[in-house]
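Model the full structure from these sequences, guided by the hints.
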Amino acid sequence: MMAVASIRSVFAGRTFAQIGLVWLAFVALAAIFSPLIAPFDPYEIDPIARLTEPGWPHLFGTDHFGRDSFSRALYGARMTVLIGLGAVIVALLTGGLVGMLSAYFTRLGHVLMRGVDVLMAFPALLMALVLMTLLERSVMNTIIVIGVVYATTTARILFGMTLKLKGEVFVDAAVCSGAGHASILFRHILPNLVSPLLVQASFIFAFAQLQAAALDFLGLGLPPEVPSWGNMLSEERIYVTRAPWLLIFPGALIILSVFSMNLVGDAMRDSIDPRFKDDIAGV
Amino acid sequence: MSAQPLLDVRDLKVHFRTRGRTVRAVDGVSFDIAPGEVLGLVGESGCGKSTVGRALTQLERATAGQALFEGQDILSMSRRQFLPLRRHIQMIFQDPYASLNPRLTVAQTLSEPLFIHKIARSRKDAQARIAETLDLVGLGPEAMTRYPHEFSGGQRQRIGIARVMILEPKLVIADEAVSALDVSIQAQVLNLIKKLQRDSGMAMLFISHDLGVVRHISDRVAVMSAGKIVETGDKSAIFEAPQDAYTRRLLDSIPRIMPLKETS
Amino acid sequence: MALLDVENLEISIRFGHELLPVVRGVSFSVDENETLGIVGESGCGKSLTALAIMGLLEGSGVRVTGGRMRFGGRDLLAMSADERRHIMGNDMAMIFQEPMTSLNPVYRVGDQIIEALQQHRNLSRRAARRRAIELLDLVRIPEPDSRVDSFPHQLSGGQRQRVMIAMALSCDPKLLIADEPTTALDVTVQKEVLDLMLDLQKRTGTAIILISHDLGVIAETCNSVAVMYWGRLVETAPTDALFETLAHPYTRGLLHSIPAIDRDVDWLDAIPGRVPTIGEQIAGCPFHPRCPRAESRCRHEVPQPREIAPGHLVECHFPYGGDR
Amino acid sequence: MTITSWLKTATAAGAFLAIAGAAQAEGVLRYATVGEPPTLDQQVVTSDLATTIAQHVFEGLYTFDSSNSPVPLLAAGETISEDGKTITIALREGVKFHNGQDMTSADVVASLKRWGEFGSRGGLLFEHVESVEATGDHEIRITLSAPFGPWKNLMAFLNGGPAIYPASIVEGAGKEPLSPENYIGTGPYSFNAWEANRYVELVRFDDYVSPEGEADGYGGERVAEFDALRFIPVPDVGTRVSGLRAGDYDYAESIPGDLFAELEGDPNVNTILNGGPLFGLVFMNSSAGPLAENYALRRAIQQAIDKVPALQIAIGPEGLWRSNGSFLPEGNVWYTEAGTEAFSQGDAEGARAAAEAAGYTGEPIKFMVSTNYPFHYDTAIVYTKQLAQAGFNIDLQVYDWATLIEKRSQPDQWDMFFTHHGFVPDPILISVMNDNYPGWWATPEKAELKAAFTASSDPAERVDIWSQIQELIYEQVPTMKTGDVYTYNIASPELDGLGEATLIWPHFWNVSK
Amino acid sequence: MLFYTIKRLLALIPTLLAATMLVFLFVHLIPGDPASILLGDTATPEEVAALTRELGLDEPLWTQYLIWLGNVLQGDLGTSVFFGTPVLTVIADGAETSILLATMTMVWIVLFGVPIGIVSAMNKGRWIDQITSGGAMLFASIPTFWLGLYLILLFAVGLGWLPSSGFPSLTDTGGVTNLRYLILPSLTLAAPNAALIIRLVRASMLDVSREDHVRTARAKGLRPSRVAIRHIFRNALISVTAAFGFTFAALVSEAVVTETVFSLPGIGRLVVQSILRRDYPVIQGVILVIVVLYMFINLLVDLAYARLDPRISLK
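Protein chains in written order, with full-length UniProt numbering: chain A, 1 to 283; chain B, 1 to 264; chain C, 1 to 324; chain D, 1 to 513; chain E, 1 to 315.
Misleading hints may appear alongside valid ones.
Below are the SDA-like pairs computed for lysine to any residue, each with C-alpha atoms no more than 25 Å apart in a straight line [claimed, not checked]:
#, chain 1, residue 1, chain 2, residue 2
1, B, 170, A, 169
2, B, 13, A, 172
3, D, 385, A, 39
4, C, 191, B, 210
5, A, 277, E, 110
6, B, 13, B, 228
Please keep in mind that the hints were generated in silico from the structure rather than gathered at the bench. Please read these numbers as outputs of a predicted model, since none were measured by experiment.
This is the structure:
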């Protein structure tokens, strides 16, 4: 009940953010039900029906393998959700934990945050590139690499926010009540970080898509046969004039989804504790 | 006053190192508090009075000195050793908005110390105690399931007081406990604190910058300035015949409402 | 005619689609050489009243929704933004509660005073600087020659508030509005700053509106006092008269709530209940739920201001000292 | 500012920029390459890109004419002894190196010796060479241990071939590629600069002495019309196409088949087919893994595959590929249909049965492919599907080219991998003939045929032996040909003298703008 | 200030050392070896082994690292396996393009980002704000290469106004007019980052405008534009400056893609190509240079920060 009410209050009067939310819901539905709705097998190759223009039955046309782009786009929603959520989970679990513990245990923090500093000095895509070359191209590795890239910023952000919360009077009060480290960290500090973390998660989700698309473009992202929007763009990019639909549809899907996620993140950011607003970069 | 003080602070020093400089926040403070006694610690901002309170609850580590609580030096204790004593040394904080975790209900906030100190054996037991304590501070049992933001400032401070009282401590450190409250609410809370103190017989270190409030609640008063105590004494002595120049200046600065005549 | 005449001022805050009045029917006037104290607990609307007079509500979602304000005979509410700005900082100046944050941290204090001077006076930079040093000297800042080049963070809280005063006085305002000018300061500093303000008033004849929650400060400083409760002026009177009579039960309750510095009282005579929030609906006298003298009339009928003595207005059906 | 006036200003600004763009020097050919060559040292490098550039700088004793027959280039002519073991080659006189020196037999001997010892393809010939010596200022003699048929083809193939360098540079040079300051040849253009990542620039060599005769293929007269040739790396194919269309490049190589129709219809673009097709190869691991000795299983794999859909998908337009099982294209002297009935069967059921018979029980077969060449990847995807239908458990491993190259040298890492092969004028140059090439096909049957093949200098006999080798390839399946791919390049219509098709590597002598 | 700078520089050393170690480790864990790539298809294992030995790639990793580090300290980043020329030269060749590209991008970012951000903040909630902040967010949501692709199609292929790709050096024929080659790439690169700055300027200005001192400024009777620029923007600049370090990192990342799309001979593409070629010394060198540059820029940002905010003492 309370959650519903607060979601409503976050998005009240924000038409664009509402539209964004609806779009993301579509993406989520497509991701879940793609095997049911997709009219074709996204991997089915048809040398005869190559590069067909959009129409019936190929709503988004076909690519140079003769695969149905609409079905691939639907399955691509899966990758979008998977990469987004995966990167968020990796970033928050590793970076979040490092940041929180570093802020709370000052001495440990000295060491850990130094390490984070070192990693932060590597521009994100460069690090992802090197890591991806190091590992094999796979969905899992792409998720891990993008997650690790955002783990550093997440660690920084959580470090700052935890530090602020650590100085809060209610933490002092908990200490005076005799609460232990674990209880203070996870019962008193963490719940207060949930909403800023959600905002951060939404931005990671959005940027992970762009990062994954860039990796796909450079040929170091998801395995090329995987139907993802980034792969669709990158694999078919030479057809930009020959078969423009192959770039317009997946491009629009990426832009719409990243835009929506940003809109949603932005709306949520405006509703969180103003103390934490500065900590979350976003767009 | 009894011969054996409840708390005996000897030459307490708290120094902070920031950017290579040492700030002597508390620089050799000594006082004692007898059981059931209220000591007012008064001083201007930055004089170190709050740091004294924080050092006594180990929120800040003391640099030097001793603080004997029932004969045991609490300053030299580890966090773990100090844990059982926390029950007896409790703190009321200044800002009732900030001192309650916004994500926890009143019942959750109040049950935490009960379970940590194993006072409540069961959820039911805890519920009963919480209701009882809330009643003590003038709140109904319906408050239990609510979150801090649903209360007014005065009510929140009552919750803060309830969290302390639920442990039945021997010593309460009240750090500017009523400063953030509006005058009319401040009066209610002051009355409540005074009543609870008298009823339970707990001792109290009442830290405040407000001389009126300190006079109202304390038995004895210590005046602090620049990390040191400049004068300690019975409250009437301090307020009627201050010895120290600083104390005198402090008292002189207070605006007074002169033409006070009762008409009714 | 008074320098400032506020009549039936109503200020409302936008809350979703609703406009909730937060200050209602407030009337008072201030003359040259006079110090009017406005006292009340937090949220009673005293600061909003001050900002409304100054013209600083613009763009904050709060606005004046009724009444009139005349300054030197001119209707403030009818003025254009430009005209209003011409008065702001010039004929009318304001100092604020937080000396720590009210100065721009990135500019030297001298430059901030100079900026105010140059806005309204056609001065060369050099002359403005000279004047700024004079002003700093006037507000008793030691070594004004060098302090003029200090950044705000290099000054103590009291000094910063003095800089604010210097800035406010730079164009010789006719009216100075001081919103809780000493709340953030220690008592010893508070006394110095208040003394300074009164001293300067004596020299310049500036009218002052002093806003405070501290009855003591008001009593020591002001000629007359206006007590606000929940957006209304419940009692207005010359200071002596007010403290002599304490006609409104709220005024009286407020005074009794303060622990005295020079007497021992065992229990404070606290006002029960709590201050109502902005959105609350209270029929009749807004104070009646907390009032020891409330009767059924108070629950139904909104009291109108009554003059119980010359210059002593009370909004109460049953004021102390009044005829019941 | 109204919309119209804004548009006017914008158009004017655009026009200004466009004019400024046209200021680019007229005499420079800008060639968009797929990347950068590792080195231009032709003796040690087998990169096609390197040869495309380097053929303007370096020359060999022979080269190919338009019918892919070797013709003299730096050589004037040769005499071969009766027993076929002694070859005496006369050199053209008056040929100058870019450093101003005359080319003499000393330079040629030194160059051949280094090539024989360290050159990529030098070993193929020098296995059979007893000595190389100068017999005059402009004459050399090569003594063979036994007659060796393909010697002239090997000498004429510049890629990994015997480019002639000055003796002063090549004496003492080893396997290590020559450094750019030593890029001194006899070609119509001399090496000028190599700006890493930016371009390789060649400038006209004014003292060039051209061979006589009408230009024919790589043979005949060579005239350098441009002041300079610039080879600019533009790895992204879309950018190469857009760049040529926008007029930023005069020539762009390696354009995908699917764009052919569109580009051919574009008046601003000329398409130029490559005469010699390249072909994809799927190598099988003869050294380790389930396929090592199991020829029956390999044949089953071969049986499962229908090459046509893969070509349709990977290449596109019908005219650009041929489902041809012969390792050399139709019309070429080496064309043979021996064994090619097994080339493209697409018989899933038959393959399943054959695999079972060969003892295949569904163990995974590791198939490595790289994404650096889209047609490799596309083809591999189609094959994987077809093989899966025939019951094969294909584990498709997608790497970048560098990783694939490393992995393929480790026998335990793979069972099949995909690569391609450029057109070669002599089958001896095809990589599968090399016993050391990953896949390590070195059966006694191969050894026997190969020995006979190289020993014969009778063209007819050699063609016959080659057809037997091709048959053996279809039987033992060390590699699977995927079909011929006719690649094409695009050029600005302003270029004159390009001709309809490119022989092997596009060249820019006798070409002008 | 000088003392502070030196202190900060010294503090960078351990971070830098850790970074170099990481670079080295990462790069050498990448599968694929330069020798096989260099020698091509027909090389025998013996030849590959010989070249590997020659390149010193057969030594234990930590020995290689120490040798490399020692050389780096002497200013020698090694020799490119691929080009055979010193890594420093290879990087210097790419630096011209990258530096010009970055500078031009920064110019767009400041030129578009700051004024639009200010206008957006001053008109908070009105249509102009909704369009600019919405548009900014939209631009930040476009994949760089997609945008670049269409810019080429429109402005180079379609309209023929600007070159599509490549960048001849300023010293090449054409001189300064060659900068037009960088217009499209820099716009592509600027789009998402300018969007970021727009939103940052807007947000910081709104934050600052809620601060007490702005009320003081307004109480002086200053014009709204003066309050906005002199009091709000000047203070917002402090947090905007902090974002420039961040923007730099983002620029480097996106430059990798942009330089690839536009075939620019810059450092970004050099990295990608070198990774594909397994040219270890170049990869290491470039990453090292970028990391050093990044740290240096962060230091500059900190110094600028201190200049902008007198509360930060550099003593």
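Q) If you check each hint against the structure, which ones fail? A) none
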